[in-house]
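J.: So you can see what is in the structure, the chains are spelled out below.
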Amino acid sequence: MAKEMSFEKALENLEKLVSELEEGELSLDASLKKYEEGIKFVRVCQEKLEKARKKIELLVKKDDGTFEKEVFE
Amino acid sequence: MSEENRPQVYTVTELTRDIRMVFENTFQSVWVEGEVSNYIASSAGHSYFSLKDENSVLKCVLFKQAFLKINFDIKNGMHILCRGKISVYDKRGEYQLYVAQVEPKGKGALQLAFEQLKEKLNKEGLFDEERKRPLPRIPLRIGVVTSPTGAAIKDILKVAKRRYANIEITLRGVLVQGDKAKYEIKDGIEELNEYNEYITSNNLDEHPIDVIIVGRGGGSLEDLWPFNEEIVARAIFDSKIPVISAVGHEIDYTISDFVADLRAPTPSAAAELVIPSKKDLKERIEELKYRLTSEINEKINILQERTVALKDRYVLKAPLNFVLQSEQRIDDLTKILSTNFNHKIEIKNNELKTAAEKLEMLSPLGVLKRGYSITFKEGTLVRGKSDVVIGDLINTKLAVGGILSRVENMSD
Numbered sequence: 624m625a626k627e628m629s630f631e632k633a634l635e636n637l638e639k640l641v642s643e644l645e646e647g648e649l650s651l652d653a654s655l656k657k658y659e660e661g662i663k664f665v666r667v668c669q670e671k672l673e674k675a676r677k678k679i680e681l682l683v684k685k686d687d688g689t690f691e692k693e694v695f696e
Numbered sequence: 381m382s383e384e385n386r387p388q389v390y391t392v393t394e395l396t397r398d399i400r401m402v403f404e405n406t407f408q409s410v411w412v413e414g415e416v417s418n419y420i421a422s423s424a425g426h427s428y429f430s431l432k433d434e435n436s437v438l439k440c441v442l443f444k445q446a447f448l449k450i451n452f453d454i455k456n457g458m459h460i461l462c463r464g465k466i467s468v469y470d471k472r473g474e475y476q477l478y479v480a481q482v483e484p485k486g487k488g489a490l491q492l493a494f495e496q497l498k499e500k501l502n503k504e505g506l507f508d509e510e511r512k513r514p515l516p517r518i519p520l521r522i523g524v525v526t527s528p529t530g531a532a533i534k535d536i537l538k539v540a541k542r543r544y545a546n547i548e549i550t551l552r553g554v555l556v557q558g559d560k561a562k563y564e565i566k567d568g569i570e571e572l573n574e575y576n577e578y579i580t581s582n583n584l585d586e587h588p589i590d591v592i593i594v595g596r597g598g599g600s601l602e603d604l605w606p607f608n609e610e611i612v613a614r615a616i617f618d619s620k621i622p623v624i625s626a627v628g629h630e631i632d633y634t635i636s637d638f639v640a641d642l643r644a645p646t647p648s649a650a651a652e653l654v655i656p657s658k659k660d661l662k663e664r665i666e667e668l669k670y671r672l673t674s675e676i677n678e679k680i681n682i683l684q685e686r687t688v689a690l691k692d693r694y695v696l697k698a699p700l701n702f703v704l705q706s707e708q709r710i711d712d713l714t715k716i717l718s719t720n721f722n723h724k725i726e727i728k729n730n731e732l733k734t735a736a737e738k739l740e741m742l743s744p745l746g747v748l749k750r751g752y753s754i755t756f757k758e759g760t761l762v763r764g765k766s767d768v769v770i771g772d773l774i775n776t777k778l779a780v781g782g783i784l785s786r787v788e789n790m791s792d
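As they're listed, the protein sequences go chains A and B.
Note that the first sequence covers residues 624 to 696 in my numbering.
Note that the second sequence covers residues 381 to 792 in my numbering.
Bear in mind the hints are in silico, worked out from the structure with no lab data behind them.
Watch out, some of these pointers could steer you wrong.
Here are a few chain B residues that face chain A, going by a calculated C-beta distance under 7 Å [unchecked claim]:
id	residue
1	Arg517
2	Arg543
3	Asn546
4	Leu551
5	Leu555
6	Ile783
The list that follows gives simulated cross-link-like pairs (lysine to any residue, SDA-like), each with its CA atoms no further than 25 Å apart [unchecked claim]:
id	chain 1	residue 1	chain 2	residue 2
7	A	Lys671	A	Gly688
8	B	Lys620	B	Tyr563
9	B	Lys620	A	Glu660
10	B	Lys669	A	Leu655
11	B	Lys679	A	Phe695
12	A	Lys685	B	Thr406
13	B	Lys541	A	Val683
14	A	Lys692	B	Glu726
15	A	Lys678	B	Pro656
16	B	Lys439	B	Val389
17	A	Lys678	B	Leu438
18	A	Lys678	B	Arg543
19	A	Lys671	A	Tyr658
20	A	Lys632	B	Pro622
21	B	Lys659	A	Met628
22	A	Lys692	B	Glu548
23	A	Lys671	B	Thr673
24	B	Lys560	A	Asp652
25	A	Lys674	B	Leu584
26	A	Lys656	A	Met628
27	B	Lys738	B	Ser718
28	B	Lys715	B	Glu726
29	B	Lys560	A	Lys677
30	B	Lys538	A	Glu693
31	B	Lys471	B	Arg543
32	A	Lys632	B	Glu652
33	A	Lys671	B	Lys659
34	B	Lys560	A	Glu680
35	B	Lys465	B	Ala480
36	B	Lys534	B	Gly553
37	A	Lys677	B	Lys471
38	B	Lys679	A	Glu693
39	B	Lys455	B	Leu438
In this text, all values refer to a predicted model and were calculated from it rather than measured experimentally.
Every residue, glycine too, gets a C-beta built ideally from N, C-alpha and C.
Take these sequences, add in the hints, and give me the full structure.
T.: Laid out in structure tokens, this is it:
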């Protein structure tokens with residue numbers, strides 16, 4: 624995957640999956656598959672929540688049109 | 381007329397000039413109030429109008445420079461106050477008020493400008509609810525357009541620290557009051573939008589800016605004025621990134637508040653609205669995990685119960701019993717079968733015996749037993765008189781043994 628799934632997307636998918644499991648008439652096999660997928664999403668979400676780095680920056684546009692970021696405070 | 385007694389004769393120009401000087405000296409700077417009429421804007425940017433009351437009219441001219449300083453539109457019928465100097469337009473011999481400053485009567489100029497702009501932009505659809513962009517549920521990077529030294533950014537950072545310490549905040553510093561502020565705020569919003577494209581086109585490993593907070597801390601109407609400027613409103617409207625307006629003025633709304641995708645009463649409030657709480661997110665994930673596991677366990681339990689219930693059914697409960705029952709049934713059937721079979725055999729035996737007896741009776745030996753005999757002549761069976769002549773030797777077979785005899789006589 625060129626772009627990793629965003630936290631918001633992963634959380635969205637997880638919620639959708641849990642709803643499907645709760646209301647659907649899935650077979651045991653299908654349910655187990657959904658469960659595995661769901662646990663994967665849970666893990667992704669938890670990782671991303673912890674991993675996001677704290678960054679506070681000042682954005683400055685230079686005369687040549689490029690941007691520079693300085694650490695703020 | 382003598383030279384000494386002649387009164388001074390002015391030229392028109394000379395007289396006009398003197399009149400002008402009198403006016404200018406007497407009315408260097410006056411305030412006059414009246415109703416606007418005959419308002420005309422020239423292509424050069426100057427405006428001409430008259431101020432009148434019930435009895436008199438005063439011609440006014442507003443040159444472009446002064447005109448630009450006014451932040452509301454002058455319209456016929458308006459009551460205004462003008463400050464300026466009286467002078468004369470020589471060419472037409474008219475005296476005029478050369479207006480330097482205009483105030484609306486009754487309301488402040490700012491207030492009037494606010495209302496006029498609000499109506500104008502509303503008509504254009506800049507405030508429409510339908511076009512407001514939805515805010516991201518979980519933004520990971522927030523852009524802020526405010527003063528780098530003001531209270532707003534401090535407040536926002538405080539809230540961020542409390543709720544989601546790991547979030548990315550990108551500040552584009554601007555002036556937030558004074559004449560230059562509106563240009564800087566506009567540029568700030570535009571540049572944050574540009575930066576997202578910059579990330580894509582330069583393949584930077586950065587998260588794009590999800591939402592912009594534009595605002596400042598509290599202040600007077602004049603202080604907040606940049607956020608009522610048309611140029612700022614349009615920048616907010618044109619922004620591709622959703623914008624939250626957070627001008628710290630808890631009660632009144634600014635034009636920016638109307639155009640923005642969301643309005644917050646203060647920068648802190650904006651931060652609270654847009655920055656997700658890490659604690660809440662963690663709890664949400666836990667809840668989903670719990671629902672996931674309990675759902676699957678529930679399913680398994682149900683299936684287990686059904687299996688157990690089946691086990692409890694009679695057939696499965698005492699399989700041995702079933703077997704015994706079956707064996708007994710087999711015995712019964714076997715008995716019936718053999719009884720039937722034996723019976724059939726008996727019948728057949730009887731039939732056989734009867735047939736055998738019948739057969740025996742019909743067999744030649746049986747016949748012989750009954751007393752009949754068979755007669756042969758030289759091995760050939762004698763059936764009739766014609767088969768023998770008198771004097772032949774014939775062999776008569778009896779049931780037991782035989783008799784050799786000579787034919788003596790024959791009868792019919």
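J.: Next, verify each hint and record whether it holds.
T.: Right, here's what the structure says about each hint:
no., hint, verdict
1, Arg517, "holds, 6 Å"
2, Arg543, "violated, 12 Å"
3, Asn546, "holds, 4 Å"
4, Leu551, "holds, 5 Å"
5, Leu555, "violated, 15 Å"
6, Ile783, "violated, 102 Å"
7, A:Lys671 / A:Gly688, "violated, 33 Å"
8, B:Lys620 / B:Tyr563, "holds, 18 Å"
9, B:Lys620 / A:Glu660, "violated, 34 Å"
10, B:Lys669 / A:Leu655, "holds, 14 Å"
11, B:Lys679 / A:Phe695, "violated, 53 Å"
12, A:Lys685 / B:Thr406, "violated, 54 Å"
13, B:Lys541 / A:Val683, "holds, 23 Å"
14, A:Lys692 / B:Glu726, "violated, 115 Å"
15, A:Lys678 / B:Pro656, "holds, 16 Å"
16, B:Lys439 / B:Val389, "violated, 29 Å"
17, A:Lys678 / B:Leu438, "violated, 63 Å"
18, A:Lys678 / B:Arg543, "holds, 14 Å"
19, A:Lys671 / A:Tyr658, "holds, 20 Å"
20, A:Lys632 / B:Pro622, "holds, 18 Å"
21, B:Lys659 / A:Met628, "holds, 21 Å"
22, A:Lys692 / B:Glu548, "holds, 12 Å"
23, A:Lys671 / B:Thr673, "holds, 21 Å"
24, B:Lys560 / A:Asp652, "violated, 66 Å"
25, A:Lys674 / B:Leu584, "holds, 18 Å"
26, A:Lys656 / A:Met628, "holds, 20 Å"
27, B:Lys738 / B:Ser718, "violated, 29 Å"
28, B:Lys715 / B:Glu726, "holds, 16 Å"
29, B:Lys560 / A:Lys677, "violated, 32 Å"
30, B:Lys538 / A:Glu693, "holds, 19 Å"
31, B:Lys471 / B:Arg543, "violated, 72 Å"
32, A:Lys632 / B:Glu652, "holds, 22 Å"
33, A:Lys671 / B:Lys659, "holds, 14 Å"
34, B:Lys560 / A:Glu680, "holds, 23 Å"
35, B:Lys465 / B:Ala480, "holds, 8 Å"
36, B:Lys534 / B:Gly553, "holds, 13 Å"
37, A:Lys677 / B:Lys471, "violated, 71 Å"
38, B:Lys679 / A:Glu693, "violated, 54 Å"
39, B:Lys455 / B:Leu438, "holds, 16 Å"
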